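Construct the entire structure; sequences and hints are all you get.
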Amino acid sequence: MTDASNAIIEVRALTNRFGDFVVHEELDLDIRRGEILGVVGGSGTGKSVLLRSIVGLKRPDGGTVRVFGEDLQRLTPAHRTRLERRFGVLFQRGALFTSLNLQENVALPLIEHVGLSRPDAERIARVKLALTGLPPSSAGLRPDALSGGMVKRAALARALALDPEVLFLDEPTAGLDPIGAAAFDRLLTTLRDALGFSVFLVTHDLDTLYSCCDRVAVIADRRVLAADTLEVVASIDDPWVRDYFHGPRGRAAADAARPRMGPSREER
Amino acid sequence: MPDTASRPGMLEQEAHRLRAVGDWTLPHYARLRSDVIRVHEARTIDLERLGDLDTAGAALLVDLLGPDTTREIAEASHRLTRERRAMLIAVADAMRVSLLPPPTPRTTPLTALAGLGLAVERLGRQQLTLLGFIGLTLSRLLGNLLRPWRWRFTSLVAHMQQTGLNAIPIVALLTFLVGAVVAFLGATVLRDFGATVYTVNLVAYSFLREFGVLLAAILLAGRTASAFTAQIGSMKANEELDALRAQGLDPMEMLVLPRVLAMMISLPILALIGMLSGMFGGALVCSLALDIPITQFLTILQRDIPLRHFLVGLGKAPLFAFVIAVIGCLEGMKAGASAQSVGEHTTSSVVQSIFMVILFDALAALFFLEMGW
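Protein sequence lines, in the order shown, are assigned to chains A and B.
Going left to right, the first sequence walks through residues 2 to 269 as the numbering used here numbers them.
Going left to right, the second sequence walks through residues 13 to 385 as the numbering used here numbers them.
Everything labelled a hint here was simulated from the structure, so no lab data went into it.
All of these numbers come straight from a predicted model, not from anything done at the bench.
Beta carbons are placed, not taken as given, at the ideal position from N, Cα and C, and that holds for glycine.
Take these hints with a grain of salt, some might be off.
Claimed, not checked - If we take Cβ atoms under 10 Å as the criterion, some of the chain A residues that face chain B in the derived model are:
#: 1; residue: Phe98
#: 2; residue: Ser100
#: 3; residue: Ser118
#: 4; residue: Val128
#: 5; residue: Ala140
#: 6; residue: Arg143
#: 7; residue: Asp145
#: 8; residue: Ser148
#: 9; residue: Leu161
#: 10; residue: Leu163
#: 11; residue: Asp164
#: 12; residue: Thr191
#: 13; residue: Ala195
Following this line, the structure appears as structure tokens:
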């Protein structure tokens, strides 16, 4: 790997299986510092499983996951917790704690991990909520009083609580209306530019891929088919990739993104 | 990351000139915040010797300087890296809105009184809802009685296994132990009168009339009412009830009736098992500690105890079963989408159903006493 020094997460020969069903086999993937890596693949190809194996929620059945240069499986629990604090995870359905209001949701890791006093932690929490574009009045609301878009924003604020170096997002724009989804994409790139974290973004949303991903990894046949810039990945000769990027929705998303992307594919 | 590893962040003040020094990061937040509060307000700051900076530190700088000044400093300062400038501007813009904590309601004697009133009103409404739900269940039950093709046997049998069959060991064990305890108590008290042989009557009366059915009902209230509430509550949180209604299916018929019927069939059987097992516990104590052999126990039982005690006890079982199942299902239907709400309603369903069982048992005891049964 030419970019080995730049990779903050290296997945090597990862194997995952559920019973006889093999999800990943000898899967390799790098996440580089400061990039937004989009991970795409058909339903059931194990995108979320890959995310869970990297953040340590699922023990891989083979292979290694090196995070910040260290093998997660070999660390002591205490050391591992310290590493995992540098992750922020946004789950598919938000997974906000329903018994806490929004500012308490965001303040919880600050109180537990950093040991801040409650007023200090809640003050920082309100800054994070404001950073993700939520109105100040939302701080006292419970998650069940929120719309889908607000839940995603609040979950993002919680994922950002400890200023993580890597952010894992599992389908952040799923279930949002197109306007909300586009706003979330903009928010993500703005925050990435401002806070400088890397992003591992599992998504189905072609617009998200075009508008904010630096690289795209395609998962198919139990491994990573390709991980490169969108143009390179989209030109791969594979039936799934062809259907995905050059189907009606793929073309629409590419057209929508073209003015921003400069020279388009036809010129090559 | 700079190689000057972790210098604690500080705010230095030299002749009206402020200087941010060291790492302005989360671990140093508490200290930095007290510094910032002491300085209160500033027009400018020197960021030359600033180490690491994260959003918490940036928020402190904005607290100190205000959003506009921070923005100006960030834009004018060429020594800051591009990322750091972007972060300061993003945080400054986010903090333009008021970040005061949302107002917390204060409690005065008047609000406490209002709270009490609300609680009483809620209690009243709860009873009304329960009555309404009982009526609804009964009308569906009668409506379906004459239409056997709409009976849901599979669901009914599955619930009978969960609420009835699977509860047999715990009901048997518990009543056995209580039976032994009652026999011991009776023996101790009756010995003074030389009437230890009446221990048999005590055990038989108490278990046939009260304890068999009461213990089984309380166990099922804890074991099954809670399960019903949690099942239906999480179904509701997952919008499954709405999905049933949208497909033109009736949740009352699909979910509530099988549970209520399963309970009404299971509880009398469990009550019978409870009576037998409790009397067996009593008989064992009698034969081991009081020299009343089992055969004599059985003879006394057959000679002295009329059948009506058994019928009085067992007759209460379907009523208890109905109340427990209806409360369990209703609380599930009332639950909201959060984990907290499902928990609250599960607690409430257990408390309510045990309360109702004991209340009805007391009323029934009075009634049977007056009737001379």
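Structure-based check of all given hints:
no.: 1; hint: Phe98; result: holds, 8 Å
no.: 2; hint: Ser100; result: holds, 4 Å
no.: 3; hint: Ser118; result: holds, 7 Å
no.: 4; hint: Val128; result: holds, 4 Å
no.: 5; hint: Ala140; result: holds, 5 Å
no.: 6; hint: Arg143; result: holds, 7 Å
no.: 7; hint: Asp145; result: holds, 5 Å
no.: 8; hint: Ser148; result: violated, 13 Å
no.: 9; hint: Leu161; result: holds, 7 Å
no.: 10; hint: Leu163; result: holds, 7 Å
no.: 11; hint: Asp164; result: holds, 4 Å
no.: 12; hint: Thr191; result: holds, 7 Å
no.: 13; hint: Ala195; result: holds, 4 Å
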